[in-house]
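Numbering of the sequence shown is given in the working numbering, commencing with residue 10 and proceeding in unit increments.
For the record, the hints were derived by calculation from the structure and aren't laboratory data.
Fair warning: there could be bad hints in the mix.
Below, in silico cross-link-like pairs of lysine-lysine (PhoX-like), each with a Cα-Cα straight-line distance of 20 angstroms or less [to be verified]:
{"no.": "1", "residue 1": "LYS83", "residue 2": "LYS107"}
{"no.": "2", "residue 1": "LYS397", "residue 2": "LYS424"}
{"no.": "3", "residue 1": "LYS28", "residue 2": "LYS17"}
{"no.": "4", "residue 1": "LYS93", "residue 2": "LYS28"}
{"no.": "5", "residue 1": "LYS121", "residue 2": "LYS39"}
{"no.": "6", "residue 1": "LYS65", "residue 2": "LYS93"}
{"no.": "7", "residue 1": "LYS83", "residue 2": "LYS93"}
{"no.": "8", "residue 1": "LYS58", "residue 2": "LYS74"}
{"no.": "9", "residue 1": "LYS418", "residue 2": "LYS397"}
{"no.": "10", "residue 1": "LYS39", "residue 2": "LYS267"}
{"no.": "11", "residue 1": "LYS39", "residue 2": "LYS65"}
{"no.": "12", "residue 1": "LYS121", "residue 2": "LYS28"}
{"no.": "13", "residue 1": "LYS73", "residue 2": "LYS93"}
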Amino acid sequence: MSLLREVKPRNARTARIVKAREPQLVESRKQVLVLHGTRCPDPVRLVLKTIASLTKPHSVVLNKKNENIHPFEKTESLEFLALKNDCGLVVFGTSSKKRPNNITVVRIFDGKVLDMAELLLLPSPEEKLVLQDFKIGVEMKPMILFAGSQWTDTSASTTATTYQTLRSLLLDLFQGEEIPSVDVAGLQFVLMIATGEQDSSMSEDDVANRPVIHLRWYKVKTTRSTSPKIPRVELEPVGPTFDFRVGRVREADASVMKEAMKHGRRPNEPRTKKNIEMDLVGDKIGRVHLGKQDLSQLQTRKMKGLKRGRDEADEDEAAFSGDGRVNGVVSQPHISHKELRASNHLEPLLQALEPARAAIERVILEPSLHPLLEVVKAARNGAVYGAKVRFPHALVMVFLFRSGTLREKILLVLKATRAHASNLARFAIIYKSMMLIQRLLNPGNPGKEPHYSSFVSGLVGGYLVFGSGNAVKSSVSQQIVIYVFARVALSLARVSVEAAPGAASAFLPTQRISPALRKKLQDSAWPVFASLSWAFVMYLFRWRPETVQGSLRYVDSDTWDSLRNFLIHNT
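Let's have the full structure, built from the sequences with the hints guiding it.
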């Protein structure tokens with residue numbers, strides 16, 4: 010029975026924590042739990058300290074003695090401590106009369122013991138002296154070397170399976186973080202795990218007859234060699250030396266090991282795509298498998314203009330000869346008679362208009378006429394922009410909020426579009442004409458635009474087009490001016506706190522504020538402007554509705570006497 014109760018998530022946060030504790034397809038570095046048994050003599054403690062120092066910072070050491078832990082009899086206590094400390098490996102050291110100086114390496118999967126192996130430490134008199142000289146950097150990845158025929162035996166014998174399990178456990182324990190590449194300068198240590206040869210005449214059932222496993226650490230030293238590219242490598246022994254014999258081994262269940270060995274796609278590993286490969290040059294080649302196609306049923310585009318009558322087809326067949334010629338002339342792509350007649354009729358007209366087109370292009374490209382043509386171009390832009398802006402707006406507003414016949418609504422849309430386009434075209438003509446006049450009459454520098462010319466031109470154009478005559482009462486003109494005023498207000502708000510680009514000094518005192526305060530004012534300007542605009546318009550709508558522009562007045566929101574004028578149509 011497990012010592013930890015099964016947690017059933019009651020909210021999303023608990024569910025994420027429980028999911029994070031489950032086995033992952035892409036596991037991170039296994040944490041190592043180092044445990045002390047009831048009796049833990051100095052040689053065993055030295056081994057545990059060495060393993061803890063080599064696996065820092067991925068090791069958790071519990072120095073308190075743990076009673077009643079017997080890995081090969083009961084695994085509940087080990088599983089409990091491993092799950093509480095989120096560790097995938099457990100190294101347990103203890104000593105007893107039957108098994109002195111015993112080191113047990115346990116691997117955990119899904120909160121349960123997967124496999125384990127005992128290493129019986131052989132006595133050595135120099136552990137305390139060597140411990141002072143053992144210095145390996147934190148998270149320094151060693152090169153691991155397995156020496157001995159037992160490590161490479163892939164047969165199905167019990168001995169081969171035992172050493173394969175032990176090799177896997179030691180690699181998990183000492184290999185460190187899994188990384189795609191290692192800097193050569195970081196390869197400074199070698200961990201050598203060597204075994205002696207087995208005497209075939211002696212049985213392995215007795216632990217004393219099993220070959221000794223030697224654990225040795227070496228520091229890599231490179232010196233100058235005769236080759237300029239390959240240095241001379243020397244190994245210097247460092248750290249403690251341990252000798253073990255293999256004790257009991259519990260192998261993993263085949264089905265559980267298969268589940269534990271699932272290999273998920275790595276974060277940087279590309280997805281495999283079927284039928285796509287790279288050739289020797291590096292070009293990507295794809296293979297497409299198609300079934301048998303019936304080309305007679307292939308759908309093609311059928312145009313009415315490309316269809317030929319029966320009489321035309323007969324004439325073409327009679328005129329076509331077997332050598333690819335039509336009436337002695339090499340055949341060209343088929344052109345229908347209608348297209349041929351149309352091209353024959355248009356060709357004289359196009360040829361007649363070609364001199365006129367060339368003359369017009371010469372006029373518009375004449376440099377001396379460029380100032381006058383600016384006025385024409387501005388009028389064209391004003392008319393086009395006004396029509397593009399007003400037409401969709403008038404179309405929606407008239408068809409949604411105006412009553413009348415379809416013809417009356419279309420006329421209203423065209424009238425509003427014409428008014429908007431003509432107003433902008435007339436304003437563009439007046440503005441460009443005034444700019445041209447001021448350039449020509451500039452007393453200080455004739456031909457150069459004065460600094461104030463745009464203001465004067467806009468003043469005259471705005472008065473003549475939008476501020477006099479019938480334009481004063483025109484709703485279209487009022488909407489245009491209101492839109493322009495809103496843009497001017499927003500622009501002046503920015504100008505009040507931002508100096509002109511390239512200006513030597515600020516023109517207004519408010520332009521000299523710090524960038525942080527300017528940013529704060531800019532962030533707060535729009536909320537203040539929006540809230541005040543709606544506050545004033547709703548106040549005027551409530552108490553002075555006759556002063557509000559007509560499109561903003563909506564007086565029947567509080568009046569209804571049926572479902573129809575409540576949801577569909579106002580009274």
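Quick rundown of the hints versus the structure:
Restraint check for LYS83 and LYS107: satisfied, since their Cα atoms lie roughly 18 angstroms apart, inside the 20 angstroms limit. As the CA atoms of LYS397 and LYS424 are separated by approximately 14 angstroms, the hinted pair is consistent with the 20 angstroms bound. Straight-line distance between C-alpha atoms of LYS28 and LYS17 comes to about 11 angstroms, which keeps the hinted pair within the 20 angstroms bound. As the CA atoms of LYS93 and LYS28 are separated by approximately 15 angstroms, the hinted pair is consistent with the 20 angstroms bound.
For the suggested pair LYS121 and LYS39, the alpha carbons sit about 15 angstroms apart, so the restraint of at most 20 angstroms is met. Taking the CA atoms of LYS65 and LYS93, the gap is near 19 angstroms; set against the 20 angstroms cutoff, the hint holds. Annotation: proposed proximity of LYS83 to LYS93 holds, straight-line Cα distance about 17 angstroms (limit 20 angstroms). About 15 angstroms separates the Cα atoms of LYS58 and LYS74, which keeps this hinted pair within 20 angstroms; it holds.
Between the alpha carbons of LYS418 and LYS397 the distance comes to roughly 18 angstroms, so the proposed pair stays at or under 20 angstroms and holds. Straight-line distance between C-alpha atoms of LYS39 and LYS267 comes to about 18 angstroms, which keeps the hinted pair within the 20 angstroms bound. A C-alpha spacing of about 11 angstroms is found between LYS39 and LYS65, which places the hinted pair at or below 20 angstroms, so the restraint holds. Between LYS121 and LYS28, the direct Cα distance comes to roughly 16 angstroms. Compliance with the 20 angstroms bound is thereby established for this hinted pair.
For the given pair, LYS73 sits about 16 angstroms from LYS93 by alpha-carbon distance, which is consistent with the 20 angstroms threshold.
Violated hints for the displayed structure: none, as all numbered hints are satisfied.
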